[in-house]
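Model the placement of chain B on the given structure of chain A, informed by the hints.
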Amino acid sequence: MDAVLRVVLIYGFVMFALRVMGKREFSQLSPVELVTLLLIPEIVSQGILREDQSLTNSIISVSALLVLVFITSMITHLSPFAEKVINSPPTVLVHKGQLIADHLNRERVSASELLSEIHKAGLTEVGQVEWAILQSDGVIAIIPVNQASATGEADKNMPTL
Amino acid sequence: MSAPTPPAPPELKVQIRFQPSQWLGLPILFGVVVLAILGFFGQSGRLLTVIGDGVELTLQHPTRTRYGLHEQLVIQVHNTTQRPLDAVEVRMSRRYIEQFDQYDFLPTPHGIDDQSFIVSIGTIPPQAIRQVTIALTANNAGEHWAEISVIGGGVTVGKASFSTWVFP
Numbered sequence: 001m002d003a004v005l006r007v008v009l010i011y012g013f014v015m016f017a018l019r020v021m022g023k024r025e026f027s028q029l030s031p032v033e034l035v036t037l038l039l040i041p042e043i044v045s046q047g048i049l050r051e052d053q054s055l056t057n058s059i060i061s062v063s064a065l066l067v068l069v070f071i072t073s074m075i076t077h078l079s080p081f082a083e084k085v086i087n088s089p090p091t092v093l094v095h096k097g098q099l100i101a102d103h104l105n106r107e108r109v110s111a112s113e114l115l116s117e118i119h120k121a122g123l124t125e126v127g128q129v130e131w132a133i134l135q136s137d138g139v140i141a142i143i144p145v146n147q148a149s150a151t152g153e154a155d156k157n158m159p160t161l
Numbered sequence: 001m002s003a004p005t006p007p008a009p010p011e012l013k014v015q016i017r018f019q020p021s022q023w024l025g026l027p028i029l030f031g032v033v034v035l036a037i038l039g040f041f042g043q044s045g046r047l048l049t050v051i052g053d054g055v056e057l058t059l060q061h062p063t064r065t066r067y068g069l070h071e072q073l074v075i076q077v078h079n080t081t082q083r084p085l086d087a088v089e090v091r092m093s094r095r096y097i098e099q100f101d102q103y104d105f106l107p108t109p110h111g112i113d114d115q116s117f118i119v120s121i122g123t124i125p126p127q128a129i130r131q132v133t134i135a136l137t138a139n140n141a142g143e144h145w146a147e148i149s150v151i152g153g154g155v156t157v158g159k160a161s162f163s164t165w166v167f168p
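Protein sequences appear in the order of chains A and B. Each residue of the first sequence is one higher than the last, beginning at 1 in my numbering. Each residue of the second sequence is one higher than the last, beginning at 1 in my numbering.
Keep in mind the hints are simulated off the structure, nothing from the lab. Keep in mind the model is a prediction, meaning the values are calculated, not measured. Ideal Cβ positions, reconstructed from N, Cα and C, are used throughout, including at glycine. Among the hints, erroneous ones may be present.
What the simulated footprint calls covered on chain A by chain B, stretch by stretch (three residues with Cβ under 8 Å from a Cβ of chain B suffice, anywhere in the stretch; the number is not a length) [what the hints assert, rightly or not]:
#: 1; stretch: 60–71
#: 2; stretch: 100–110
So the derived list for chain A, only partly shown, Cβ under 7 Å to chain B, looks like this [claimed, not checked]:
#: 3; residue: Val4
#: 4; residue: Gln53
#: 5; residue: Leu55
#: 6; residue: Thr56
#: 7; residue: Val92
In isolation and in its complexed conformation, chain A is listed as follows:
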């Protein structure tokens, strides 16, 4: 009983904390971010297991965690609102070759970091980018101008799921 309650509390807190930190923490990690994410399990393991090192307690705690993960995924699948609250929505960083400075600053993505992602996509400058979107998992998706228009044409011919 105690173990389940502790997992629920820690899960809720960590979900909240990671949501507040933003999307970047899930992708390429800086040293500070890496240390933060490595330390969290170390800190919370004491809070969950306490002095009870039994296998039974570990199984209960892992089961409780997996049940929470499953319930969370069900809720986000069924409710777009819950999906928006739990998984941060994508953020547009570049549109039609224009940087959106407010979004870059809010997500703490530097111009050089964005340019590096643009280069990885095989492009040389921001003007070649139709969309640069910071996804919920922290990856920056780069859609070149030509590809965006081609995809748009293709979308029109695609049946609705």
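Frame of chain A; chain B shown alone:
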């Protein structure tokens, strides 16, 4: 001017579908959690009273525990007669005690034979109670059976048995 938004995702009829493995696995995971909430895997104890020959033996013992957790076994011997009970010994089955990682008797046993730890509690005056306490730390998993006997004046005057289930 509002901030640009990325193209909207296509429409999808949202439904809940499970994979075959999830039909089996999810009830197990949910079952473990529900049983834990209901206290099935938690520590529990019982108070057991046995009337013997001129003595009342009261045991407060763990019935369920988990590896590494601390438990206490309390044995009270009440002399219910109007005369003193001499040379009283409490014998606790060794097979049970040795299933635990640590065991501390109070008072300390004065002897151990093949079957038992033997704790001497001397003479119990009429209507008096003497107590033996054993602090235990659970180790081996499974059900462990214990037998306790009280010897007074060279004969067995009380006997009780119980079991403790230890989760791994």
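Of the hints stated earlier, which fail here? none
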